[in-house]
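Protein chains: 2
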Amino acid sequence: MDERVHAHAETLVDWSARIESGDDVVLRVSEGAHDLAVAVAEQLGERGANLVTVYDSAEVSRAYLTAHDGEFEADPEYERSLYEQADSVLSLGGGRNTTALADVPGERRQAAGKAHEGIREARLATDWVSTVHPTRSLAQQAGMAYEEYRDFVYDAVLRDWESLAEEMGRLKDILDDGEEVRIVGEGTDVTMSIADRIAVNSAASVAYDSHNLPSGEVFTAPADTEGEVTFDVPMTINDRRVRDVHLVFEDGEVVDYDAQQGEDVITELLDTDAGAKRLGELGIGMNRGIDRPTDTILFDEKMGGTVHMALGRAYGANFPEGHEDEQNESAVHADLITDMGEGSRMEVDGEVVQRDGSFRWEEGFGG
Amino acid sequence: MDERVHAHAETLVDWSARIESGDDVVLRVSEGAHDLAVAVAEQLGERGANLVTVYDSAEVSRAYLTAHDGEFEADPEYERSLYEQADSVLSLGGGRNTTALADVPGERRQAAGKAHEGIREARLATDWVSTVHPTRSLAQQAGMAYEEYRDFVYDAVLRDWESLAEEMGRLKDILDDGEEVRIVGEGTDVTMSIADRIAVNSAASVAYDSHNLPSGEVFTAPADTEGEVTFDVPMTINDRRVRDVHLVFEDGEVVDYDAQQGEDVITELLDTDAGAKRLGELGIGMNRGIDRPTDTILFDEKMGGTVHMALGRAYGANFPEGHEDEQNESAVHADLITDMGEGSRMEVDGEVVQRDGSFRWEEGFGG
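Heads up: the protein sequence lines correspond to chains R and B, in order. What the first sequence shows, in full-length UniProt numbering, is residues 1 to 367, in sequence order. What the second sequence shows, in full-length UniProt numbering, is residues 1 to 367, in sequence order.
Just so you know, these hints were derived from the structure itself, not from any lab. Owing to the predicted nature of the structure, the values given are computational and were not obtained by experimental measurement. Cβ atoms here follow ideal geometry from the backbone N, Cα and C, with glycine treated the same way. Honestly, I wouldn't trust all of these hints.
[Claimed, not checked] Pulled a few chain B residues facing chain R out of the computed Cβ check, cut under 7 Å:
#1 Ala41
#2 Leu51
#3 Glu59
#4 Val60
#5 Tyr64
#6 Ala67
#7 Tyr78
#8 Leu82
#9 Phe319
#10 Gly322
[Said to hold, decoys possible] Distance condition first, Cα-Cα at most 20 Å in a straight line; then the derived SDA-like pairs of lysine to any residue:
#11 B:Lys114 / B:Met144
#12 B:Lys114 / R:Gly48
#13 R:Lys114 / B:Lys114
Looking at chain R on its own, in the form it has when it is part of the complex (with noise of 0.2 Å):
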């Protein structure tokens, strides 16, 4: 087995995971993530917790939904019993197929998702941790050979991940000290407000409240966003390529907008809700270890000397005390990325934090 494999175990059962003697974990394995989750036993052993081992199989939900009529019974208790007295919840993605579930109906999906909420809900509430396990299927998704996507994944994954927690919670002290940002790049100069934010130290651990591994993002919750942005990395929404994503905002609503690619997925976006028209997000990506957008999520937002920018839903986490009422709310939040390169700089209340994709703290920042 790849060394990094088990480093990977072990830095998700403790950095990320937090795991001690006696937890009660559930540990979810995809297809594809066998090796990853013989790894995690290994290091879940050694600390004396408590293993159930869930297969979470693609192809067996694909059979099981496909052949049901659709009236799933709400959160059984037998199941949900499971989540609510675990202590945490280890997801380890990485399947045979993306698209396995392809041909199983939105709305059967999405029966069963809403007849798994008090479920989903337990599960959110033990210290979960979700990562993937590098297989070939993703190495397909992300454009990249076998042995490519596995350096590409251990990469963003095996960071020192204590010396990044501090970077980040130098750029979230500024932020949380901070009334305004203001973002300038190619097709892009941006002010918005975060007066009374809390920015979130996303550190890939439990114990900054986050959950995912890799992380390595500080995000916070805009407000009055002025100006325009343009987000130039790729990326695929509601399964559809787009590219190029200009936005034009006035009084913190998007007023214009148009795009070389996937203009009506903006559209689409746009008209969900009054909501979806406002930022819900400001992230600023500082894993150095992703180097190159994969079209997933969870890596692109992370990349070091990006930002990106959520059209919907803010995060509670990034709300004060008596400031709950001001985060903006949507059934949608998409988030779109620009790369801070050369050129761009990034100011809070007029100090420039990051100038051509490096931070005043960093060696490549000039004055």
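Since chain R is already given, all that's left is putting chain B on it; use the hints.
For chain B alone, kept in the frame of chain R given last:
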């Protein structure tokens, strides 16, 4: 997918487990049993049962057990409640290596088993059924080619169970009404009392209190065994080969024995405790789909035209109210099998029930 996988799943869900709408089902999937799991999930979806899929991986277990210090928590509640609330537990055997746990110290496995005794009992209190998906690993253990082994398994599993259950019911009635069984063959002439015993019709269905698919045997609990038996079907007991075991009984106990191979294993067995010298079971194999021994007791003891006797512990199901205290107790239950071929016969109270391997209601039965 081999159409027989679907037929296997249907037999398991319908005939064996009697799954109905709303049943809470735990599906336990071995590493190599994915295809059968998909087919079973389809059947469960069709019936509107609920589904939790557990990954029953020997390699995950090995990693966990090997790394653990051996001080296992007794019956973690989150796992126990899953099984306590389940209606059915369907276990799909079929791994990728039957010796995957070979280097886990025996005491570690025993400690884990002991700590999970309550969970095991909860599982056995459900309508549980165990079956196997034919894998290359199991084919290898059986000494067969993969294709050959698949034919073998499906011949054993895909029976007309309703008609077989009816046929086995005939034998059960004869045994229930009988007082004494006599078995005669080459190197065998033995009599035993079956008075006040209930024969179990093991028809591979929870409706018959029979929990293995395939099954196909009728078994009872004999007493006062007199005479000699030669067990000519080779077997593996405690990881060692035994062949042509010959036992001599007086007053219900083994008083002399020898074997062509593995005599030391028999010595060990008989020395375990007082109950190990007496028979706990007389079973009559009636599954004509199983046409050869494969050194897998689940299949071998069901072979049509064979009889097996177990040294040691008897099953409670054979003892009617008021006779429970006659149940033979022992730490062991070791099955030994003899082929009822040419020249053999089985009598109940002096009447021939089987001759030359054919029952008296079968075509081949000569006067």
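Verification of the supplied hints:
no.: 1; hint: Ala41; in the structure: holds (4 Å)
no.: 2; hint: Leu51; in the structure: holds (6 Å)
no.: 3; hint: Glu59; in the structure: holds (5 Å)
no.: 4; hint: Val60; in the structure: holds (5 Å)
no.: 5; hint: Tyr64; in the structure: holds (4 Å)
no.: 6; hint: Ala67; in the structure: holds (3 Å)
no.: 7; hint: Tyr78; in the structure: holds (4 Å)
no.: 8; hint: Leu82; in the structure: holds (5 Å)
no.: 9; hint: Phe319; in the structure: violated (33 Å)
no.: 10; hint: Gly322; in the structure: violated (37 Å)
no.: 11; hint: B:Lys114 / B:Met144; in the structure: violated (35 Å)
no.: 12; hint: B:Lys114 / R:Gly48; in the structure: holds (16 Å)
no.: 13; hint: R:Lys114 / B:Lys114; in the structure: violated (39 Å)
Violated hints, in rising order: 9, 10, 11 and 13; the structure is consistent with all others.
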